[in-house]
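Protein chains in written order, with my numbering: chain A, 1 to 330; chain B, 1001 to 1147.
The hints are simulated quantities; they were obtained by calculation from the structure and are not laboratory data.
Virtual Cβ for every residue (Gly too), placed ideally from N, Cα, C.
Take these hints with a grain of salt, some might be off.
What the hints assert, rightly or not - The following label-pair restraints were derived from C-beta to C-beta distances:
| hint | chain 1 | residue 1 | chain 2 | residue 2 | range |
| --- | --- | --- | --- | --- | --- |
| 1 | A | K136 | B | V1040 | 30 to 36 Å |
| 2 | A | K136 | B | N1125 | 54 to 60 Å |
| 3 | A | A58 | B | N1125 | 46 to 52 Å |
| 4 | A | V193 | B | G1011 | 57 to 63 Å |
| 5 | B | G1020 | A | A11 | 43 to 49 Å |
| 6 | B | E1038 | A | L279 | 50 to 56 Å |
| 7 | B | K1143 | A | Q67 | 52 to 58 Å |
Said to hold, decoys possible - Derived lysine-lysine pairs resembling DSSO-like cross-links, with alpha carbons at most 27 Å apart:
| hint | chain 1 | residue 1 | chain 2 | residue 2 |
| --- | --- | --- | --- | --- |
| 8 | B | K1071 | B | K1122 |
| 9 | B | K1024 | B | K1095 |
| 10 | B | K1024 | A | K46 |
| 11 | B | K1006 | A | K310 |
| 12 | B | K1006 | B | K1062 |
| 13 | B | K1143 | B | K1095 |
As the list claims (entries may be wrong) - Far from chain B, some chain A residues (derived; all Cβ distances over 10 Å):
| hint | residue |
| --- | --- |
| 14 | L10 |
| 15 | V70 |
| 16 | V77 |
| 17 | V146 |
| 18 | S147 |
The lines below spell out each chain.
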Amino acid sequence: MSIDYEVIRLAAFIVGIIGFVALNAAYLVWLERKEAGHIQRRIGPKEVGPYGLLQPMADGLKLMSKQLLVPDGVDPVLFKIAPILVMTPAIMSFVTIPFSETLAPRNLDVGLLAVFAFASVNVLGLLLGAWGSRNKYAVISAARVVSQNVAYEVPMLVVIVTMVMVTGTLNMHDIVTQQMGGFWQWNIFRLGVSPLMPVAFLIFFVCMLAETNRAPFDMAEAESELIAGVFTEYSGMGFGVFFMGEYANIVVGTSIATVLFLGGWSCPFGLFPGVHWFLIKMYLLIFTVIWIRWTFPRTTFYGLLNLSWKILVPVSFFNLILTSALLKVF
Amino acid sequence: MTRYLKEIISGTWSLFVGMGITIKYFFQPVVTLQYPHEAVPMTPRYRGHTQLVWDERKGGDKCIVCNACMKTCPSGCISLAGEKLEGAKQKSLTKYELNFTTCSLCGLCVEVCPTEALEFSKDYNIAGRSEDEFKYDLLKRLKETHS
Ligand code: SF4
Ligand code: SF4
């Protein structure tokens, strides 16, 4: 009996997560265009359906109706599995993310570790896609993606180590339950543990932007310098899947930020915790991600590496040392 | 070291200032016009193709068929005709054709008209599939817009 229940649970979560990811990918594009429009004092999509709400369907239909070109000279296997390699880990990461007290696919004790293990496959997908394309622009861009990801994984993981020290667990469910009961309990505001908590959040957020290849760190695409970067040779839905993977990664990144720093599904005033609070916090963060994109121009590559190695890495290490010292003292 | 810290703090601050500016714009009303659904009211000085002026008192055009506009037009794109009706003091217009494909919008016809029977329209949405669509029968247009 219990096995049956497990199977049904599993199937429900697979369907649920894939639906959630697909809907998010589709409607984040819509949100992005609307938000970009309003920041530039335009309206954004409005013709297809009310408020342009059917626009993602139309875009999807357009992408699917396009021919999937596989150019001569590419490595056909790498070329074809690369989009899947970007998309799959993004979906897999959702396995451990707790949306609420009960709504979590799997309550893993090493949940945080698992997410970061999956997340690192994303780079591999981009690298293989570019390498398989045998296109100079794509290969240059892939080299940039890898050095960017290495540069930003370091401060991000240092921040994670700090957070793990503070919370004492890798289990995301426990991390959230520690932060219940008002926003002053959230990790971002626990200044008693370390006065640099908001800075840690900021570092995590910046690294997340860089990891998901979002502007101002969108060196992977760099459409003005490298045509379309790693996606240069991709057409139709092959490109579409890369694109969906990017948005899925944003959802994963903001979910982790919500869990680690903003108290997950807990209410800011200590009342009625639930999945709605998780979603509100997550979408506010996503709104900020898009807002950042339409505020700052793309940095240069030197600027990007300088920011990471000269500022984020030292500051995050300083935060680690300070936090561990304070934890030892008190 | 202090310069390094100062740079970080002022740099971060400037990023937040930038985001403050964009969010301010986000909440301001949009300024673009939804073109096919909305149209801009044209400025009074805008020169569209010429058209006949409607005379309220007479209930028709103001033209006295003096042919001045036709003669003065450097491009020769006006052709008009008139006839003297029974009991009327002046001739009245029976045909006024403007070939807008050759009109240079010089305005000489508007200038020269003794009765101010011509003006520039505010029409800027003109598009067509063939040359013939730009050979306007201005008399017909006048009647259509005031019927
Ligand atoms: S505007 Fe100039 S070119 Fe056009 S009809 Fe009048 S006189 Fe002719
Ligand atoms: S100049 Fe004026 S009054 Fe004379 S024919 Fe032309 S439109 Fe009529």
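Outcome of the hint check:
1. A:K136 / B:V1040: 30 to 36 Å: Cβ of K136 of chain A to Cβ of V1040 of chain B: about 47 Å, so the range 30 to 36 Å is violated.
2. A:K136 / B:N1125: 54 to 60 Å: Distance hint for K136 of chain A, N1125 of chain B is violated at roughly 47 Å.
3. A:A58 / B:N1125: 46 to 52 Å: violated, 27 Å
4. A:V193 / B:G1011: 57 to 63 Å: violated, 26 Å
5. B:G1020 / A:A11: 43 to 49 Å: At 47 Å between Cβs, range holds.
6. B:E1038 / A:L279: 50 to 56 Å: 36 Å Cβ-Cβ, so the 50 to 56 Å window is violated.
7. B:K1143 / A:Q67: 52 to 58 Å: The hinted range 52 to 58 Å holds for K1143 of chain B and Q67 of chain A, with Cβ atoms some 54 Å apart.
8. B:K1071 / B:K1122: holds, 25 Å
9. B:K1024 / B:K1095: violated, 57 Å
10. B:K1024 / A:K46: Within the cut-off at roughly 22 Å; holds.
11. B:K1006 / A:K310: holds, 14 Å
12. B:K1006 / B:K1062: Given pair K1006 of chain B, K1062 of chain B is violated - Cα atoms ~76 Å apart, limit 27 Å.
13. B:K1143 / B:K1095: Satisfied, since the Cα-Cα distance of roughly 12 Å is no more than 27 Å.
14. L10: holds, 41 Å
15. V70: holds, 40 Å
16. V77: For V77 of chain A, whose nearest Cβ neighbour in chain B is about 43 Å away, the distance exceeds 10 Å, so it holds.
17. V146: Holds, since 26 Å exceeds 10 Å.
18. S147: holds, 22 Å
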